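**Q** Each chain is listed here by its residues.
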Amino acid sequence: MRIKCPLCGDRDQREFTYMGHETYLDRPADEGWSPAWDTYLHLRDNPAGVTRDLWYHGAGCTSWLLVERDTTTHDILRVDLARDAKRGRG
Amino acid sequence: MRIEGKGRIDAAEQIRFSFDGQRYTGFKGDTLASALLANGVRLMGRSFKYHRPRGVLTAGAEEPNALMEVGRGAAKVPNVRATVQEVYAGLEAHSQNRMGPLAYDLLSVNDLFPNFLSAGFYYKTFMWPRAFWERLYEPVIRRAAGLGALSGRHNPDHYEKAFAHCDILVIGSGPTGLMAALTAALGGADVILAEETNEFGGRLLSEDEEIDGQPGADWVGGILAALRETGRVRLMSRTTVTGAYDQGTYGALERVGLHVNGPAELPKECFWRIHARQAVLAAGALERPLAFPMNDRPGIMMASAVRSYLHRYGVVAGRKVTLFATNDDAHRTAVDLMACGIDVAGVVDSRPDAKALGDYPLYAGGEVIGTKGRKALSEITIRHNGAEQKIATDCLGMSGGWNPTLHMTCHMNGRPVWNEEITGFVPAPDAVPGLTPAGACQGTYSTAGCLAEGVEAAKRALTALGGKLPEMEIPQASDAVGGSKPLWLVKGKGRAWLDFANDVTSKDIKLAAQEAFTSVEHMKRYTTQGMAPDQGKNSNIGALAILADATGRAIPETGTTTYRPPYVPVSIAAIGAGAQGQGFAPERFTTSHDASVDRGAPMVPAGLWYRPSYFPRPGETTWRQACDREVTMTRNAVGVCDVSTLGKIDIQGPDAAAFLDFVYTNMFSTLKVGKVRYGLMLREDGHVMDDGTTARLGESHYVMTTTTAAAGEVMKHLDFVQQCHRPDLNVRFISVTEQWAQFSVVGPKSRELLNGLLDAPIDNESFPYMGCGDVSVMGVQGRLFRISFSGEHAYEIAVPARYGDALYRQLVTQAETLGGGAYGMEALNVMRIEKGFITHSEIDGRVTCFDIGMDRMVSAKKMCVGKPAAQREGLKGKHRQQLIGLKPVGAVKELTAGAHLFETDAAPTRVNDLGYVTSVAFSPTLGHFIGLGFLQDGPNRVGDVVKLVDHLRGVETRVEICSPVFIDPEGERLRG
Chain P
1 MRIKCPLCGD RDQREFTYMG HETYLDRPAD EGWSPAWDTY LHLRDNPAGV TRDLWYHGAG
61 CTSWLLVERD TTTHDILRVD LARDAKRGRG
Chain D
91 MRIEGKGRID AAEQIRFSFD GQRYTGFKGD TLASALLANG VRLMGRSFKY HRPRGVLTAG
151 AEEPNALMEV GRGAAKVPNV RATVQEVYAG LEAHSQNRMG PLAYDLLSVN DLFPNFLSAG
211 FYYKTFMWPR AFWERLYEPV IRRAAGLGAL SGRHNPDHYE KAFAHCDILV IGSGPTGLMA
271 ALTAALGGAD VILAEETNEF GGRLLSEDEE IDGQPGADWV GGILAALRET GRVRLMSRTT
331 VTGAYDQGTY GALERVGLHV NGPAELPKEC FWRIHARQAV LAAGALERPL AFPMNDRPGI
391 MMASAVRSYL HRYGVVAGRK VTLFATNDDA HRTAVDLMAC GIDVAGVVDS RPDAKALGDY
451 PLYAGGEVIG TKGRKALSEI TIRHNGAEQK IATDCLGMSG GWNPTLHMTC HMNGRPVWNE
511 EITGFVPAPD AVPGLTPAGA CQGTYSTAGC LAEGVEAAKR ALTALGGKLP EMEIPQASDA
571 VGGSKPLWLV KGKGRAWLDF ANDVTSKDIK LAAQEAFTSV EHMKRYTTQG MAPDQGKNSN
631 IGALAILADA TGRAIPETGT TTYRPPYVPV SIAAIGAGAQ GQGFAPERFT TSHDASVDRG
691 APMVPAGLWY RPSYFPRPGE TTWRQACDRE VTMTRNAVGV CDVSTLGKID IQGPDAAAFL
751 DFVYTNMFST LKVGKVRYGL MLREDGHVMD DGTTARLGES HYVMTTTTAA AGEVMKHLDF
811 VQQCHRPDLN VRFISVTEQW AQFSVVGPKS RELLNGLLDA PIDNESFPYM GCGDVSVMGV
871 QGRLFRISFS GEHAYEIAVP ARYGDALYRQ LVTQAETLGG GAYGMEALNV MRIEKGFITH
931 SEIDGRVTCF DIGMDRMVSA KKMCVGKPAA QREGLKGKHR QQLIGLKPVG AVKELTAGAH
991 LFETDAAPTR VNDLGYVTSV AFSPTLGHFI GLGFLQDGPN RVGDVVKLVD HLRGVETRVE
1051 ICSPVFIDPE GERLRG
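Going down the list, the protein sequences come from chains P and D.
So that you can map any letter, position 39 of the first sequence is 39 in the numbering used here, and since no number is skipped, the others follow by simple counting.
So that you can map any letter, position 383 of the second sequence is 473 in the numbering used here, and since no number is skipped, the others follow by simple counting.
Fair warning: there could be bad hints in the mix.
Under the rule of at most 25 Å between Cα atoms (straight-line distance), these lysine-lysine pairs were calculated in the DSS-like manner [said to hold, decoys possible]:
no., chain 1, residue 1, chain 2, residue 2
1, D, K465, P, K4
2, D, K806, P, K4
3, D, K581, D, K445
4, D, K465, D, K445
Keep in mind the hints are simulated off the structure, nothing from the lab.
Note that this is a predicted model, so its numbers are computed, not measured.
The task is simple: from the sequences and hints, build the whole structure.
**A** Next up, the structure:
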């Protein structure tokens, strides 16, 4: 598998580690434990189709990437820097 | 038998090798199989289950029978296909899966009881007594049935891995592949052409066939010259592409040194990971065996293999050859053999309308219904025009048509599609993105068709890459397709083998159907058809057809099993190349490494780092003596230890303080410049992740330390928090672990030692407890931190790494003049346990800040990572196992880490488990063992006695619960 890092270009999967769904970008604002936190930490969909998740380019530029891919075809549809995606979400 | 003047071997270069101890001679260019056949050796192995005599069936990578052990000693490799292994001087090969000599295998008795050894026999028979399976049945069965054996020793051979990149990868170098590669290169693409064998050309080297009026092999030579001229083609022979993976990644196995008696440092194989933007699959086709009674004797082989041995190696496998075929293609074998003066005793063609291509006896509409010959074929029985007839023969070439080699197109879940016209499966369209199958692997069997498709496929790839399309002329070649009419099973007396390697016959397939294993996947697993080293390359379609017949379905309805990577067996040594020993775990050395080794310290691993365990002195015979001395020395005078392995992260920027406030539970924005603070980091799920000290060197400049073990994880975590949670913060950080050498100087005389080296002396005013700042050490700019991991008055001094060795030696020498010296990991550990400081033995990922008594360190004034989750019900309270100290009751020899804690009157079982021990040490300061551990409601049970039980080491004793801080609970020494 290969991922096209926006900074480093097309790279082999060995340079990356997987974290999980993009939900991790949306840290709840609640100060204390809440259902939102439970959802944030534990509840995930397992889609057959397009999903977006976070990968770490640890053996490259150390960027966190938001990777949009299709779980049924393994196509990688889009790769963005997670920090840009986060800024876009506020 | 060798035919003079035939073949592509180098008759000038003789090669001596041995098989089963017997010496033979072959030529450069021979495979083990061709050289043995040339020497008249037809018996090459024993079958898997029945131990029947077997000879070579094919001339390629799909060989199921001629599997051998090659090499000797530790480097012996089992299950080598003799059709792939090239001979080299001194090669030693041995037959396998036999008891006694190959010709008189004692286990061939199995062959007398085929009815007992049919599919599922073992499962049905060896059922009870249950315990006998593991102890008796399985070992005996495994001894009798199997393949070659490993040496059981470390393989000293070298293997490599490598990466390659290209625009277009062409898999296979027959007419299709060569035209594809040429078209791609002329179109401006960078090309890799991978060929499985030692020579490019594919079937063209195995046939007597012309292209553009030249002999096929000559035409190949011309194309190769043209390819080289482009300067764009990397020609990789002896390279099998083994798998297709996502985003154009292909695995490939190159036999680098398996064909020569080369130097020890020459790698045997190289496993390539090739990234290709586009690929052309030109893998050709494999000939289909015929299932007829007793079709497995040595001397019976594929008709195409007979031609390969003749044209490529100048070898014929018999003096009186017969053929059994369902197609025109196989008749070429008779014509080619007769041209060399070999006697063709007859061609049996199952098609009543078959026509002879030459002057040989043709039995149109005939079938082979039996064979004879104990160790090799001597006679066949045919049924022709309703009568039976015997023909004396020592070699029978068979051909049931061809199967496209479409394996690669299944590697990403593609399902082959049945094509009635060629009565075979062809690749599903676009089964692998970017991979275009062409030629015979697509079902196009004429040479002319292959040449044209090669060009077409390359043009498709070039178009996808946006390149220009070159003008290509298609060379003139034969358009014969070999017209075949399928024949799946010849009825008659005796077993008809389908899977030669796993000894699966047509009866086994029918039995599977009868016992309701009618799905092709179930049939495969029940009979083991297709599960041998050849992975069904020879048997899948035949077995499927018989299953279809037995279940009254058509072949497309029955479906097919698909192929997974790798296409051919790949040695683990090649896949794992580079990941053995230091390649698996690189070694990291501190700047004081040599100095520690000079002092005789045993070095122990700490992650990838190596650190001194202890520093033995004359007269000390155990590590404990050295450790006890080092602890006492440090607590009474001064000790020196390298702490550079701790992660050091330099953090700068106007928002550095805010960032630290967010990743640590406690406040760092309130930390004054020139001060250090202990920090606790949580995971977002509320459990403790890591701890360490962070120093504020300037208003917007901090240096964080992590534990040695978690340095990488913490760095990744900080990257995550900054990029994914707080991109609003203006902060940058980088690991400086290897840039700074850092040493702890510990003990009541630590300041005295430092003042001997610092250019400006320090005192309690300039460097109070938890102070930090820049210092000048013998003219070198360094940093000093007054922090302690031992409970003593202590410092850590840091200098740029290039000064580390000199400073360490200087510190230790100075310490020795003060009655101190170097101490190692053992003493460091004892001192931190005496003081009740935690490590990852305690914060093992399951504990909360409440568990370690630090919940007050979670600041109420701010948000931090893990704070909401740490407040969850269940993560606090009396039911939690919390950090406590342990000391022995009475005369206890030792405490052990990993032991569990129970009430004194409770049975030491899981349900009564109250906690566990994480760290233990003998404290020379206190004169007895001490321990740290976790106990339910521990802090409220100080003074209670509980039972410590270590089932693993057989320890059971009583311990008293106490505070985890054993020495100086008020911290007076720290501030001294």
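**Q** Evaluate each hint against the coordinates.
**A** A quick look at each hint next to the structure:
Restraint check for K465 of chain D and K4 of chain P: the C-alpha separation of about 59 Å exceeds 25 Å, so the hint is violated. The hinted pair formed by K806 of chain D and K4 of chain P meets the criterion: a straight-line CA distance of about 20 Å does not exceed 25 Å. For the proposed pair K581 of chain D and K445 of chain D, the alpha carbon gap of about 24 Å is at most 25 Å, so the pair holds. As the CA atoms of K465 of chain D and K445 of chain D are separated by approximately 33 Å, the hinted pair breaks the 25 Å bound.
Taken one by one, the earlier hints fail for this structure at numbers 1 and 4, listed in ascending order.
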